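**Q** The lines below spell out each chain.
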Amino acid sequence: MTTTPPVQDWASDFDVLDPDYVADPFPIWDELRPRCPIPHTNRRVSSWLPLRYEDVTAIAHDIEHFSSRKIAVIPITGEEGVEPDPVLPYGLPPISSDPPLHTWTRRLLLPWFSHRRVESYEQMTRDLCNRLLDGFLAEGRADAAADYAQQIPVRVIAHILGVPPELSDTFTGWVRDVLEFADDPVRREEGSTGLINFFVAEVGRRKDEPGHDLLSELLHTEMDGELIDPAVVLGIASLVLIAGVDTTWSAIGSSLWHLATHDEDRKRMVSDPAVWPLAIEELLRAYSPVTMAREVTEDVVYAGCPMAAGDKVLMNFPAANRDPEIFEDADTVVLDRALNRHVAFGSGIHRCAGSNLARMELRVALEEWLRRVPEFHVAEGATVTWAGGQVRGPRSVPVVFR
Amino acid sequence: MRIRVDEEKCQGHARCYGFAPTLFDIDDFGLSRVVGDGTVPTELEGAARLAIANCPEFAIEELSD
Ligand code: HEM
Chain Z
1 MTTTPPVQDW ASDFDVLDPD YVADPFPIWD ELRPRCPIPH TNRRVSSWLP LRYEDVTAIA
61 HDIEHFSSRK IAVIPITGEE GVEPDPVLPY GLPPISSDPP LHTWTRRLLL PWFSHRRVES
121 YEQMTRDLCN RLLDGFLAEG RADAAADYAQ QIPVRVIAHI LGVPPELSDT FTGWVRDVLE
181 FADDPVRREE GSTGLINFFV AEVGRRKDEP GHDLLSELLH TEMDGELIDP AVVLGIASLV
241 LIAGVDTTWS AIGSSLWHLA THDEDRKRMV SDPAVWPLAI EELLRAYSPV TMAREVTEDV
301 VYAGCPMAAG DKVLMNFPAA NRDPEIFEDA DTVVLDRALN RHVAFGSGIH RCAGSNLARM
361 ELRVALEEWL RRVPEFHVAE GATVTWAGGQ VRGPRSVPVV FR
Chain W
1001 MRIRVDEEKC QGHARCYGFA PTLFDIDDFG LSRVVGDGTV PTELEGAARL AIANCPEFAI
1061 EELSD
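Those protein sequence lines, which keep their order, are chains Z and W.
Take 1 as the starting number for the first sequence in our numbering and just add one per residue.
Take 1001 as the starting number for the second sequence in our numbering and just add one per residue.
Bound conformation, chain W alone:
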């Protein structure tokens, strides 16, 4: 599983960080980015799906590759 954060949509609610602090890095202005290339370790797939489903800005997506 691989995910990305759409920087245009992210408004810094930080909900993703709440679910998976090792998958997301949030800067001083609240903007979230995926750590590394966004590959999600198997054991964190549940947390990643929660992050996607709870983002109020629909800013996180799963990449299909």
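The following block holds chain Z by itself, in its conformation from the complex:
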């Protein structure tokens, strides 16, 4: 990973990859919010970082001035270019598009993740969690992030896409290269090439031998009497893998880290099933993993900030969710928080298409872990490590069971 000089002033020169920020961004946001609610930086590319709920949601709804055509939080200069990519001419719709492309590609995808459809993935998710737990239960210790959280979403997504689960580690590697190691041009390129080439081959195979998976069905779906362009299908499939893996694994990992370090909350979740629906939302709020970018379409002054065409706005959903104007005691996890309009899954037309799936996976992963490992804590002397940038979550949480 490229190293950048230390941050001197967070208001005018922030760096979302600063190691202290990645490990613990919350005090930095709290200090900035009253004096500079929309910090700026010229690192990588001129970018703004709204920290207040009101600003993040307002910008998310203003799709005229804030386009989704460039969504990378860690852009490589010149890479997100003006020329359309020859292999992915439509980008990764719907996430990297504005209406009208956004509207119809999103509609194609949503039924696959409707709450009814998601129920049908629940048993396989539960079985998967139990196989993982079987693997380390007797040892009395595990890495809650690497041995458990990281292993779950990728296999569920592989099932939905109809691609071999044996390749899960490879998929995970590609997704990490693209998101977690985005600042390293070599890894990023390797990851995206690996992933795209894989889907190009899978799309080719399914044109002749369709199955009952998302890839096959999209390839055989007609719009206005014509089959959908396979390049659109390629973009959607790649997006589902990229969006569905790191995000959910980070949410599961952060939640397990929280429970490993907060005995009262862990005990409450073990003993009080009624608190679960609120608790899941509260964990999503407090440890929201995902930040997405927007590109400013024309010079605009927003809340006194002179945003220029081409600037980025980093949609800090995680900071919005800790805004004390909106959430009482915002930096505390209150498992039964009843007022919780959190935007962990975004706000406006790009609301996470996989939110029903993500919630189910988070709930089932915690249910099975806590059922079989009701008592655990971070191993003495162990180091918990975090990844940040587009997706924030723990990469290693060594725990011992009691």
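Please note that the accuracy of each hint is not assured.
[Stated by the list, open to error] Okay, the calculated beta carbon distance ranges per label pair: (1) Z:Glu325 to W:Asp1006: 20 to 30 Å; (2) Z:Pro374 to W:Asp1006: 41 to 51 Å; (3) Z:Glu264 to W:Arg1033: 35 to 45 Å; (4) Z:Asp30 to W:Lys1009: 25 to 35 Å; (5) Z:Asp30 to W:Asp1006: 27 to 37 Å; (6) W:Glu1062 to Z:Gly304: 51 to 61 Å.
[Stated by the list, open to error] Not everything, but these chain Z residues come out facing chain W in the computed CB check (under 7 Å): (7) Leu108; (8) Pro111; (9) Ser114; (10) Ser216; (11) Val275; (12) Pro277; (13) Leu339; (14) Arg341; (15) Arg351.
Hints in this document: simulated from the structure, not taken from any laboratory.
From a predicted model like this one, the values you see are computed outputs, not experimental measurements.
Even glycine gets a Cβ: it sits at the ideal position worked out from N, Cα and C.
With the hints as your guide, set chain W with the ligand onto chain Z.
**A** Structure of chain W with the ligand alone, referenced to chain Z:
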């Protein structure tokens, strides 16, 4: 108590369904609608208020009639 979902505002977060699955019906595209004419049985009024207070899009409202 009677409630409605503003279809223009709803983005399918499904938080309302989480609180009161019998009051809301969500279609395959995530759009939420109230079941029937939106009349809330007395015992579900608490759940309905939570649904209103937790919607991230401010899409649910209580009708005053
Ligand atoms: C806890 C886990 C997850 C979190 C926190 C999360 C968060 C988000 C956020 C904040 C957005 C909005 C992006 C924007 O405004 O530009 C988004 C979009 C999206 N997410 Fe997720 N996500 C999660 C899991 C998933 C899963 C499991 C899938 C599986 C398919 C998924 C698929 C998508 C897609 C397709 C979009 C694009 C929607 C659109 O542009 O219309 N996500 N997600």
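**Q** Each of the hints needs a verdict: does it hold here or not?
**A** Here is what the structure says about each hint:
no. : hint                              : result
1   : Z:Glu325 to W:Asp1006: 20 to 30 Å : holds (24 Å)
2   : Z:Pro374 to W:Asp1006: 41 to 51 Å : holds (43 Å)
3   : Z:Glu264 to W:Arg1033: 35 to 45 Å : holds (39 Å)
4   : Z:Asp30 to W:Lys1009: 25 to 35 Å  : holds (30 Å)
5   : Z:Asp30 to W:Asp1006: 27 to 37 Å  : holds (33 Å)
6   : W:Glu1062 to Z:Gly304: 51 to 61 Å : violated (36 Å)
7   : Leu108                            : violated (10 Å)
8   : Pro111                            : holds (4 Å)
9   : Ser114                            : holds (5 Å)
10  : Ser216                            : violated (19 Å)
11  : Val275                            : violated (13 Å)
12  : Pro277                            : holds (6 Å)
13  : Leu339                            : holds (5 Å)
14  : Arg341                            : holds (5 Å)
15  : Arg351                            : holds (4 Å)
In summary, the numbered hints that this structure violates are 6, 7, 10, 11.
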